[in-house]
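A.B. asks: Listed here are the chains, written in short residue letters.
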Amino acid sequence: MRIVQQLMNIILATLLAGHASLASAILTIEITQGVDGGLPVAIVPFGGAGKDHPPQDVAAVVEADLARSGRFTPLDKKIFVSRPTDDKQVVFKDWRIVKAEALVIGSVKPAAQGRWQVEFRLYDIYKEKQLAGYSYVVGGDRLRAVAHQISDLIYEKLTGEQGVFSTRIAYITRESVGKRFNYKLQIADSDGYNPVTVLSSAEPLISPAWSPDGTRIAYVSWEQRRPILYMQNVVNGARSRIAEFNGINSAPAWSPDGTKLALTLSRDGNTEIYVMRLSDSSLTRLTSNPAADTEPAWSPDGRNIIFTSDRSGKPQIYRMRPDGSDVERVTFEGEYNARASYSADGSMLTLVSGAQGRYHAALLHLQSSVLQVLTDTPLDESPSFAPNGRMILYATERGGRGVLASVSSDGRVRQLLKLQEGDVREPAWSPFNRSTTNNQGATP
Amino acid sequence: MVYAALVHLALIALVVVGFRWQSKPPAAPAKVMQAQAVNDAETQKEVERRKKQEERERKAADEKRRQEQAKAAEQKRKDEDKRKAAETEKKRKDEAQKAEARKKKDTEERRKSAESSLKEQLAREEKERTEAKAKAEQAARAQSELARIEGLIRQKVERSWVRPAGWTKGMECVVRVRLAPTGEVINATISRPSGSPAFDRSVENAVYKASPLPLPEDKGLFEHFRELELRFRPEGQA
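Taken in order, these protein sequences are the chains called D and X.
Counting from 1, position 159 in the first sequence corresponds to residue 1498 in the numbering used here; the numbering is continuous, with no gaps.
Counting from 1, position 97 in the second sequence corresponds to residue 1014 in the numbering used here; the numbering is continuous, with no gaps.
Chain X on its own, in the form it takes in the complex (with noise of 0.2 Å):
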């Protein structure tokens, strides 16, 4: 098939460069005979076979001639071919290689993007996830600071309640704290009274004396502490 192939290329080559050819036509080499009188007959026979001969050394040599001038052509035709099928191979490679990166870079440019916005959604998940965190972190840490307050609370208000005599198991009063930011108590109301007045007393004087009550450091917290209920339920031996 190459064969094939080339073969119809050196024709049409041919064809082309042929004209080239005859319109400058390469000198050809001329085989000079001395004319020589023998034999006229034989002579002119000799004459005519010389021509003959001669014709045919010619056309041979045309033959030749023109044989090599066409393998010359081909041969020329054929580096033409083969520079120009370069030529076009390195264009048509360029375009290639420039289509390629072309889309490279295109695809680069997709893949990039999509990769910054891929980025951007973590990024934003991760910030929530992160705000989210800190917000649970921030809750717990406030969780557990109320609850130390509370201990601070509770133990201050036990250290200055004294349980009047005659309180037995099962008592219980409730009062409504009101403190300033300061924890200073503005006011304590008896919400739930025991029976008891004394006990009752114990109760509002325990708040009162506790005061200024804990409060934690984070002003934000405060609201917490506002309003307060303390349950006054005595335990152990009474």
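Only chain D is shown next, with the shape it has when bound in the complex (with noise of 0.2 Å):
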């Protein structure tokens, strides 16, 4: 009896002592699933002035704006429960029940000479407080370019990352002007949005590529009959040849210090890969190899230097430092990978990746040697990064011409630019914009 009951006690004991343990010890619950997809942000459509309307809705830029990143998912307005325009109007039970995360409100109205005053705020509604709210005023024409701003200010409130809305792409137009062909290089706002002509030309434009500061733009014209290399300065215009040697001048790629040069000459009888020091063009040649190598790219460190090369028989993109040592491959995966370039960390690549008339946009990553194919499309081409690597622009082609369009670095939402007519090719994306617009960047 007595040692049932000692047994029994000793149950007990341990029961009560695993009953006082899970009172003391905190509960942890372990979560690994979710959605995958953008924050949820309402943004409402802002208010005005009565009869006078904005020349550009500046909520409807941010929406896009927001959307296209791939980091949010802006709900739809019919869900909207209330509207408010100012602080006041906010209730934020209204957007806990449409699942928001994230608020935008804000208005446009006109102020003196014809300028308008934009404000916006921002509210996180889990927390029930106001996260941003700014204050501009601008005239008509800078109301996109505010609108951008307001976008990369919500991005990085809410990421913790810098926005890219308000850098800028340029890529080559070809439009058809009677039986021949005009090209433009241009650069527009980073949606496609106010397009400017930096060169028009009858010949061939190709591989524009952004200085590190983004104030210049190499790019290869064909306009003596023959590919030659030339930067220009995108603030005033000047212009100069770089490489005019025999043969290829071509790719030109910026160290990420913007005193060098790669680039491809075929000026020694074969395609190879080649560094110019800009202070005195002195020239560097850093492969050697019977095969094409070609669309050299700098890693962001500076320490490496990929491009693409057929030496294994078919393009596969390989990689050395910038003296021309240590080359090794890189991609393994697919017939053909090509006109790789890193992202602003270093860790990713973006290439054209594919087979037997398919190419598509990829990402390579290079830790895990992973490729990820971001696009379906069969023939897209010249991918590159955001300046944040959080997207890929890329060209396609949509009702036979070339289209520019946008893909999320995790492939989730991709988005056509809206362009005007021709055909689009050979997107680079500009660095982070150094330069502001007249942000009078007062809290309300």
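Worth flagging that the hints you see were computed from the coordinates, not collected in a lab.
There may be inaccurate statements among the hints.
Derived lysine-lysine pairs resembling DSS-like cross-links, with alpha carbons at most 25 Å apart [to be verified]: (1) D:1438 to X:1073; (2) X:1021 to X:1036; (3) X:999 to X:1015; (4) X:999 to X:988; (5) X:1020 to X:1008; (6) D:1466 to X:1073; (7) X:988 to X:976; (8) D:1496 to X:1086; (9) X:1073 to D:1432; (10) D:1496 to D:1427; (11) X:1029 to X:1015.
Computed from a predicted structure; not experimentally measured.
Join the two chains, each given in its own frame, into one complex according to the hints.
C.D. replies: Written out as structure tokens, the structure reads:
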């Protein structure tokens, strides 16, 4: 009897101890699954001043920016319970009902001298607090730029990373003019709006490449009936020839510090990669291989140059030191890998990957060597990272002509850019914008 | 031996009964002789003889009577003895019976009391066992209820969690959550950030969005959920 009782006591004690430990230790619950998607954000149409309609729907530009990034999912306005346009009208509960995590409200009102006053506020719905609030006074032609700035602020506040909406893109268009074509090097906002022609030519233009400070673009022009490398200041239009050697002069790539260009020349007979020091135009040959080596690109730390070579029989990506040493093959998956460039953090390459007439924009994760195909259209080319590495701009074909499209780096959100008529190709995403618009960054 | 005992008893009885018998002599049958004058000498002789005879006879009769009396006495004594013995025996038996009964009663009582104390102990032990079992069952029930609620909380939070683009395997964010007894999230604070503000924000939002969190119906178990730790560790295809 005693033994039984003792046993019972022991069992009881153990149970109670277990109970006690349950009570004292904090319950930990593992969460591993979720919905992959953008942060649900409610963007309320901005309020205004009755009759006077601003020339741009600022809220719509912001919404398109955030949606295109893939990091946000703007909510359908039809489900909105209320439509506040100023702080006093915000009821957080209304936004929890529609499962918004963030709220953007604002207004665009006429200001003096035909200008506009733009105000916006960003709220955290669950913490019930304002995260940002700014006011700008700009001319009607700057409203889109202000909208992109607002998008950048929202992006930064909510993701902790720099937004790219105020950056620009460069690309080449081709239009039919009678029996001939007209080529243009253009620069536009990151969403393709406000294009500005930098250069117009009756002969082909290719390979625009932004200098790291975003003030110059190097490109290849056939205006002399052969490919010659030029550099042009995008602010003042000043232009200079960089390389006009015999044969091919192509595929310029800026070193991260902006002092050198890697480029492809065939002046020694074969297509090889060289590095030119811009201060004295001195050349260093990096490759020496009977196969074609081209399309160099620098790593962000300047310690590596990747390039395309068909030395294995098919185009693949290789890596070497900036002096041409330590060459190693980087891509092994797929028959065709070309036109690679680094993400800003150096962890990924974007490239064209494909086989047998189907070429897609892809990501190569360098650490894992995982090749991630981002697009499913057949003739994608010239992928170019956004400066924050979260989006990729590329050229594709739609209705028989070249168009530009962007894809989020997880491949989830793809969107065609709105551009004018004509064939559009060879896009290049600018670095972060150093200049700022007239931002009167006062928090209301 | 029995015979000897009986003889002794008879002798004792004789002494005892004999006294009574002397004080109350039974009427002895008297043989009356008719005197006849016959030859005097002869007669005398005869008389003498007869006298002797009579004496003899009387003696014999006496003897016989005495013997009979003794016998009767003996019988009576024996009867008496028997009766007494029976009485004694009965008494003895009664007493023995009584003693037995008493003893039996005592034993019974003792047994009963022993039995009852055993019963009590058994009952006590049984009660303890039952209580322990009940407690164990309750603890087990509580455990399974905790696990069930944990699962419900996990589901609700996972449905609310919008994993931001760019998450990678190995990212981890731990958030401390305080709950009201209604399940409402009072606050959620990141106790171990992931390094990505977007990821951390998604985690906080997931917790607030999932509010109110499911709680057990048994209010007694709420203590387990007053403060929770949610460990966000994404799995699957990034």
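A.B. asks: Give a verdict on every hint.
C.D. replies: Status of each hint after checking the structure:
{"no.": "1", "hint": "D:1438 to X:1073", "in the structure": "holds, 14 Å"}
{"no.": "2", "hint": "X:1021 to X:1036", "in the structure": "holds, 21 Å"}
{"no.": "3", "hint": "X:999 to X:1015", "in the structure": "holds, 23 Å"}
{"no.": "4", "hint": "X:999 to X:988", "in the structure": "holds, 15 Å"}
{"no.": "5", "hint": "X:1020 to X:1008", "in the structure": "holds, 17 Å"}
{"no.": "6", "hint": "D:1466 to X:1073", "in the structure": "holds, 19 Å"}
{"no.": "7", "hint": "X:988 to X:976", "in the structure": "holds, 17 Å"}
{"no.": "8", "hint": "D:1496 to X:1086", "in the structure": "holds, 24 Å"}
{"no.": "9", "hint": "X:1073 to D:1432", "in the structure": "holds, 19 Å"}
{"no.": "10", "hint": "D:1496 to D:1427", "in the structure": "holds, 22 Å"}
{"no.": "11", "hint": "X:1029 to X:1015", "in the structure": "holds, 20 Å"}
In the structure shown, no violation is registered for any of the earlier numbered hints.
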